[in-house]
Amino acid sequence: MVRSLQTVYEIVATDQAGYCWTIGLVGSMSLMSLGGWLVFASAVLAAVPPLAALKRKRLVRYVSSSAVIDSGRLAGTSVEDERGPLVSVIIPARNEAEKIADCFRSLLRSEGVTFEILAVNDRSEDATGELMDAAARADARLRVIHLRECPADWLGKNHAMHRASLEARGRLLLFTDGDILYEPQTLLAAVRYFQQHQLQHMCLLPEMICGSLLESVMTTFFGMSFAIGTQLHLIRTRFPLAYAGVGAFNLVEADFYRRLGGHQPIRLDVLDDVKLGKLIKCRGGRSDFLLADGLLSVRWQPSLWGVVTGLEKNAFASVNYSLRGMLFLTLLFSVFFVLPVALPLLSLAGRVSPEDAAGWLATVVLWHVLFAWL
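The working numbering applies: residue 40 is where the sequence shown begins, and numbers increase by one.
The set of hints was computed from the structure by calculation and includes no laboratory data. Misleading hints may appear alongside valid ones.
Pair by pair, the computed Cβ-Cβ distance ranges are [to be verified]:
(1) 191 / 387: 52 to 62 Å
(2) 306 / 278: 21 to 31 Å
(3) 235 / 385: 24 to 34 Å
(4) 179 / 84: 44 to 54 Å
(5) 278 / 94: 12 to 22 Å
(6) 411 / 278: 51 to 61 Å
(7) 385 / 100: 44 to 54 Å
(8) 175 / 77: 21 to 31 Å
(9) 189 / 83: 31 to 41 Å
(10) 69 / 358: 27 to 37 Å
(11) 306 / 70: 41 to 51 Å
(12) 294 / 189: 21 to 31 Å
(13) 407 / 77: 13 to 23 Å
Only a predicted model underlies this, so the values are computations on that prediction, with no experimental measurement involved. Ideal Cβ placement from N, Cα and C applies to all residues, glycine included.
Given only the sequences and the hints, what does the whole structure look like? Please build it.
Structural data, given as structure tokens:
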């Protein structure tokens, strides 16, 4: 008994010593040093899981030599034919004459899946409508809807997609943009994944075609920010704040989409793609997100300045055009990206001690490693 009590006393004494050592270590740190290590720890927890998921979840893994889909895997449906459920591809376009023909050609080469294309000419002022009509005459799988006006309580693109969904015949609806390029196996792989995981919504992040090294850096940074901000690894879970949508590729189950009211609940949302993902997630739908490098591509912006302004627009829209929300995003950016660079530089200049700058420098190294990893 005495021996047992002595053992317990030794354990407690050891724990107390360790606790006191930890408290002493933290107490000896300056606020700047402690802040640096807290930022580093927060960056690890916030960034590593979603970026690991982004690297792991790639649609190309679902491409195989088989050209037939198991259509019976779609929950609550019967087998229609050996090529799986009909997919209605909805493409809203306004003044997309330079790119729309290439998009059509890439989609019409799709293999292993039955599909129709509903191209919506949303009040275009260039040759978009004529190019759509010409493509429809050449291939019966493509139908054209010409819109002359937009209701006052709708945004144009949202109205165009909703209008096309009313005429779509497919059990799956794919909302995509007129500048996206598809590989022949993209639809097949996407539908296979959608069925196997019994989803109601799935979005793909396309490969960004860049015209310069700086554009590549900016778009990679955007991809990192998107993955971290949406916490991609949690999208498959029931966590309500983890959701995503991508205008390049939003695949939805038609019946579930229509039960939500289509695009009507988000008719005035600028970020229609993201808000569609949020709507489906909040109403109990199963959603997922994958990287589609090698299968889906887009030249997102025509120049480096276009990338910068595009990021600015999306950032402002992501906080619902709230000045307070934008200030909060700016604060987060400063804490996690600006200070980790500035403080080690001040340390080199002798303005900050190396101990105070260590955690901030570790954060810089972390971002560089993650960036190179992507």
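So, going through the hints one by one against the coordinates:
In this structure the supplied range 52 to 62 Å holds for residue 191 paired with residue 387, their Cβ-Cβ distance being about 58 Å. Under the hint 21 to 31 Å, the C-beta atoms of residue 306 and residue 278, about 26 Å apart, fit the expected range. The hint said 24 to 34 Å for the Cβ distance between residue 235 and residue 385, and at roughly 52 Å that hint is violated. Look at residue 179 against residue 84: about 53 Å separates their beta carbons, and that is inside 44 to 54 Å.
The hint said 12 to 22 Å for the Cβ distance between residue 278 and residue 94, and at roughly 21 Å that hint holds. At about 29 Å, the beta-carbon gap between residue 411 and residue 278 misses the expected band of 51 to 61 Å. A C-beta distance of roughly 45 Å is found between residue 385 and residue 100, which places it inside the suggested range of 44 to 54 Å. For the hinted restraint 21 to 31 Å between residue 175 and residue 77, the CB-CB distance of approximately 58 Å leaves it violated.
Hint check: residue 189 to residue 83, Cβ distance near 46 Å, so the stated range 31 to 41 Å is violated. Checked against the hint of 27 to 37 Å, the pair residue 69 and residue 358 passes, with Cβ atoms roughly 33 Å apart. For the pair residue 306 and residue 70, the supplied restraint of 41 to 51 Å holds, since their beta-carbon distance comes to about 48 Å. Between residue 294 and residue 189 the CB atoms are about 26 Å apart, so this pair conforms to the stated range of 21 to 31 Å.
Separated by about 20 Å at the C-beta atoms, residue 407 and residue 77 satisfy the suggested range of 13 to 23 Å.
Of the numbered hints stated above, those contradicted by the structure are hints 3, 6, 8, 9, listed in ascending order.
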